[in-house]
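Asks: Residues per chain, in single letters:
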Amino acid sequence: MRKDNFLYKVYDLYADGFRSMRLGKTLWAIILIKIFIIFVILKLFFFPNFLKENAEGDEAGYVATELTDRIAPN
Amino acid sequence: MLQNLFLNIDAGTIDWSRAQFALTAIYHWLFVPLTLGLAVIMGIVETKYYRTKDEFWKTAAKFWQKLFGVNFAMGVATGIILEFEFGTNWSNYSWFVGDIFGAPLAVEGIVAFFMESTFVAVMFFGWKKVSPGFHLASTWLTGLGATISAWWILVANAWMQYPVGCEFNPDTMRNEMVSFAEVALSPFAVDKFFHTVISSWIIGAIFCVAVCCWYIMKKRETKLATESMKIGAWVGLIAALLAGATGHKSAQSVAEVQPMKLAAMEALYNGGTDQGLSIVAWVNPLCQPDYESEESAPLKLEMPYALSFMATEDFHGYVPGINDILRGYVKPDGTVEPSVDEKIARGKQAILALKAYREAKAGGADEAALNTHLSMLKDNMKYFGYGYIKNKHDIVPFIPVNFWAFRIMVGLGCLFIVYFALLLLMIYKVPYISVIVRRLLATVGILPETAADTEGITGLPAWHYWAAIVMVPLAYIASESGWLVAEFGRQPWTIQDMLPTWAAVSDLNSSSVALTFFLFLILFTTMLAVEINILLKQIKKGPGSEN
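These protein sequences, in sequence, are chains A and B.
First residue of the first sequence? That's 1 in this note's numbering, and the numbers climb one at a time after it.
First residue of the second sequence? That's 75 in this note's numbering, and the numbers climb one at a time after it.
It is possible that part of the hints are untrue.
[To be verified] So these bits of chain A aren't anywhere near chain B, every CB distance computed over 10 Å:
1) D4
2) L7
3) Y14
4) L42
5) G57
6) N74
[Said to hold, decoys possible] Listed below are the simulated DSS-like cross-link pairs for lysine-lysine, each with C-alpha atoms no more than 30 Å apart in a straight line:
7) B:K615 to A:K34
8) A:K25 to B:K202
9) A:K9 to B:K292
10) B:K203 to A:K9
11) B:K202 to B:K614
12) B:K132 to A:K9
13) B:K292 to A:K25
14) B:K132 to B:K202
[Said to hold, decoys possible] So, partial list: chain B residues that the calculated Cβ filter (under 7 Å) puts toward chain A:
15) F199
16) Y462
17) S580
Because the hints were derived from the structure by calculation, they are not lab data.
On a predicted model such as this, the values are computed, not experimentally measured, just so you know.
Just so you know, even glycine gets a beta-carbon here, dropped at the ideal spot from N, CA and C.
Working from the sequences, and respecting the hints, build out all of it.
Replies: Structure below.
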């Protein structure tokens, strides 16, 4: 690929940038660990989609029952 | 509520879900305002470089961009946890608002990904790869991307406070967007956006000034410190003044669409015309006052007519108090605001009509029967959420938090205006005024005699610089207090007048929410400690260190 090609320039910007990072490497490591904790551990084990698990495919019906049953008593 | 949280681990799912959401939002908001604020500082510094071509400004720009980068990296994805909480803890709410909330959040996600990730890369990696003009544009666009992200998040938040541009569909049980423009450009969202973003610039400015003061105190990086401090002080003063002006507009919006929040912020039990703004009053921070029987909060010191002006831009304007709102009142334009009891009755009619409609539809009822239920639902939909209110006093938010958080925010805002103004006087060695201020400070013992006639920002006693550093936590306290007012003040509503917290929450076991509360507490505290540690290390290393 020619060096004055736009795509090569974009590639070179990122490749060279990542290669010469120092503090950035630490920050990227923190970001990746954080994303792993958030999306893999927290999302999978602690934050299921409540409606998907409980509504059995009828989310509207489930929410309707929830919202109409919770009406304040007279 | 507090008693339940601290003394009883099995307290309601509602309280734990609220506590968890508050914790996540508060921690998330530690990262965001510094990102927005430092974006302005680094943009101005690089603009100086672009205009002067002086290598000093390039070094300074790289330094502020490095600190921006640390904070940006630590803040990435912390907001996504709020969306997890919607899906798990607030599933009724999530379903109920899905179509409205989804659009702004999707736009935010796309903008954040494409704009920020592209231009952040050019800003950090592109110094030798792109032209100075393109690099400068990338730096500003990085900040603009973050600001636009904030716009969409605040649009979503503003919709909860003032739901517009939507229609409830009883078949899908969702609010559906009928006007994107009404949602995206809601006046409540516009006021909220400007007040929130501009107040974030204050945090960036205070952080910048504090770092500069630390360098001056350590007698190093003096040029970077004095030159950057000028930028920080100007940004800080302009932002603090604008935050006051936008705060006034925000208060007007609140007065219009959330009068109960304004009454709680002011501990205004009984309203009327010609209302004064409380400067201070005795509102016990730990318990809800007896607003029903007290005429007003005790020991109230007020600024005459100022509340009426703040709420209506008329010194004689009418401002309803908590009891007026509970009882119902006549607005200045002659329209009647119904009592809460009446709203509760109409809310129940709406919920019963919804139930009847769905049952009739499932049973194959004819069009006429369905339309009767729909018509009843539509007529009372405005008060739908009141159908969940057991006692009219449940719609009164916890007054002490609102009252004191508002005063902390405004008080600190005023302090920042005075601080930045004095700082600029000192920096620019304004003839006469600077000398007068210094002599005055020396006379009352705040400055030693020896410092009274020195000029400029260097050479002052160490406490002055420490004061600048102390301003950093104060700026965060002011910012978080603003959010406390915004969010505590709209209780019990997740969506104003539509859905209270106890209808919005999922039918979950409270212990599972409590567990994730503490997991977040550990995760976020660790992240905050790591961020502070890296930031301090980078500040100590100074502008010469590598990115």
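Asks: Could you run down the list of hints and mark each one as holding or not?
Replies: Evaluation of the provided hints:
1. D4: Label holds. Min Cβ-Cβ 13 Å, cutoff 10 Å.
2. L7: It holds; A:L7 is separated from chain B by about 14 Å at its closest Cβ, greater than 10 Å.
3. Y14: 6 Å, violated
4. L42: Per Cβ check, A:L42 is inside 10 Å of chain B; nearest 7 Å; violated.
5. G57: At roughly 13 Å from the nearest Cβ of chain B, A:G57 sits farther out than 10 Å, so the non-interface label holds.
6. N74: The claim is violated: A:N74 sits with its nearest Cβ about 8 Å from chain B, within 10 Å.
7. B:K615 to A:K34: 25 Å, holds
8. A:K25 to B:K202: 20 Å, holds
9. A:K9 to B:K292: Violated - the C-alpha atoms of B:K292 and A:K9 are around 42 Å apart, more than 30 Å.
10. B:K203 to A:K9: Status holds; Cα separation ~8 Å.
11. B:K202 to B:K614: 26 Å, holds
12. B:K132 to A:K9: 23 Å, holds
13. B:K292 to A:K25: Holds: B:K292 and A:K25 sit about 29 Å apart, inside 30 Å.
14. B:K132 to B:K202: Given that 30 Å is the threshold and the Cα spacing comes to 12 Å, the pair holds.
15. F199: Hint on B:F199: holds, closest Cβ of chain A at ~3 Å, below 7 Å.
16. Y462: The hint holds - B:Y462 has a Cβ within 7 Å of chain A, the shortest such distance being about 5 Å.
17. S580: It holds, given that the least Cβ distance between B:S580 and chain A is near 5 Å, below 7 Å.
Checked against the numbered hints listed earlier, the structure breaks hints 3, 4, 6 and 9; every other hint is satisfied.
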